[in-house]
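For the record, the sequence lines run as chains A and B.
Going by my numbering, 36 is the number at position 36 of the first sequence; the sequence numbering is gapless.
Going by my numbering, 49 is the number at position 49 of the second sequence; the sequence numbering is gapless.
Worth flagging that the hints you see were computed from the coordinates, not collected in a lab.
Just so we're clear, the structure is a prediction, and the values are computed from it rather than from any experiment.
Please note that a few of the clues may not be correct.
A pair holds if it fits inside one copy or across any two, identical chains being indistinguishable in the list.
[Unchecked claim] Heads up, simulated EDC-like pairs for lysine to aspartate or glutamate below, C-alpha to C-alpha not over 16 Å straight-line:
#1 K178 to D162
#2 K3 to E99
#3 K143 to E4
2 protein chains.
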Amino acid sequence: MEKEMVGPIAFVYPIPIVLIGSMVAGKANFAEIGDCALAGINPALVVVSINENHYTTFGIREHRCFSLNFPTTQRLKAVDYCGNHSGKEVDKSTLFEIEPGQNPLCPLIAEFPVNLECEVIHDHQIEHRHLYVAKVTQTHIAKNLISREKGKIHFPDLRMLDPILYGLDNAYYTVGEKIGTSGA
Amino acid sequence: MEKEMVGPIAFVYPIPIVLIGSMVAGKANFAEIGDCALAGINPALVVVSINENHYTTFGIREHRCFSLNFPTTQRLKAVDYCGNHSGKEVDKSTLFEIEPGQNPLCPLIAEFPVNLECEVIHDHQIEHRHLYVAKVTQTHIAKNLISREKGKIHFPDLRMLDPILYGLDNAYYTVGEKIGTSGA
Numbered sequence: 001m002e003k004e005m006v007g008p009i010a011f012v013y014p015i016p017i018v019l020i021g022s023m024v025a026g027k028a029n030f031a032e033i034g035d036c037a038l039a040g041i042n043p044a045l046v047v048v049s050i051n052e053n054h055y056t057t058f059g060i061r062e063h064r065c066f067s068l069n070f071p072t073t074q075r076l077k078a079v080d081y082c083g084n085h086s087g088k089e090v091d092k093s094t095l096f097e098i099e100p101g102q103n104p105l106c107p108l109i110a111e112f113p114v115n116l117e118c119e120v121i122h123d124h125q126i127e128h129r130h131l132y133v134a135k136v137t138q139t140h141i142a143k144n145l146i147s148r149e150k151g152k153i154h155f156p157d158l159r160m161l162d163p164i165l166y167g168l169d170n171a172y173y174t175v176g177e178k179i180g181t182s183g184a
Numbered sequence: 001m002e003k004e005m006v007g008p009i010a011f012v013y014p015i016p017i018v019l020i021g022s023m024v025a026g027k028a029n030f031a032e033i034g035d036c037a038l039a040g041i042n043p044a045l046v047v048v049s050i051n052e053n054h055y056t057t058f059g060i061r062e063h064r065c066f067s068l069n070f071p072t073t074q075r076l077k078a079v080d081y082c083g084n085h086s087g088k089e090v091d092k093s094t095l096f097e098i099e100p101g102q103n104p105l106c107p108l109i110a111e112f113p114v115n116l117e118c119e120v121i122h123d124h125q126i127e128h129r130h131l132y133v134a135k136v137t138q139t140h141i142a143k144n145l146i147s148r149e150k151g152k153i154h155f156p157d158l159r160m161l162d163p164i165l166y167g168l169d170n171a172y173y174t175v176g177e178k179i180g181t182s183g184a
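Go ahead and model the full structure; you've got the sequences and the hints to work with.
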């Protein structure tokens, strides 16, 4: 396959779209990010990267915690709005139905099927970016999406979760077909 | 939406499937990871999380660099094999056609459409996990997937890249439909 070297581009894909939430000046604020990954199963870790000037970042710096809220494609318009408008200019606390987490400083978007409450354990700054490594302290999943067998949780099919993907072509996508099982 | 609290689970999705490569004992080795994210555009940063006992990790610790290789769904079987067999037991250098990167310590999988060469700039250990923050030093993209307008690169549609997604239901998925453009 003939390749071209295009210089240093962080061309990671597909990008999972998440609304990261924090409390800023007493109100919930949400930023659309794709710079988010699972970082460990046990302990349950996540890592996010966020611009130091984002309004949400002020809340994370103050409270050392944040929420991750996983939208469905049905809410693409509101999610994209959160990515293109700063909390410095608009009040995003009214866009969604919000519930406090077990930690009331982690605002959760009630209508999204999955919400994580996270506690920052490591903050690494590189130029204008903060990389936050965080422990998940609580996970909320829509009741109709999970089942249990002998006390063990069965996680839902990705298509049922209906997440929003993003590509560096600046477009949003859905999940497609199931094509296999790991280790099968 | 009725929710259930299921305890601390790093339920991030969808997970992008990547083969991370390093040189171990003079040979290329590749591990399947999903713990990988874009961490910044400028500078071009990525973050990965990997178990300290993974064979690939030995190479990263020695050379402070790694490659990220983005497969297509066509190679799911070989990719899943890399996730379920350790380089301690099998020689993965023969599974793919391999080319050295500009940095010869970054082994690239020639038949995958996108490869990143990365240089570790920060290593944060949490129990048995290493979180590596890395600068992308070079990006290789299949020539037929990119175009340019006034010197600016147009990135390909995610469906043309045909990546493998993963969910915590232990299943693999494709990308589905394009549903929008950011800021449109």
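Can you name, in rising order, the numbers of the hints this structure does not satisfy? Checked against the structure, no hint fails, so every one of them is satisfied.
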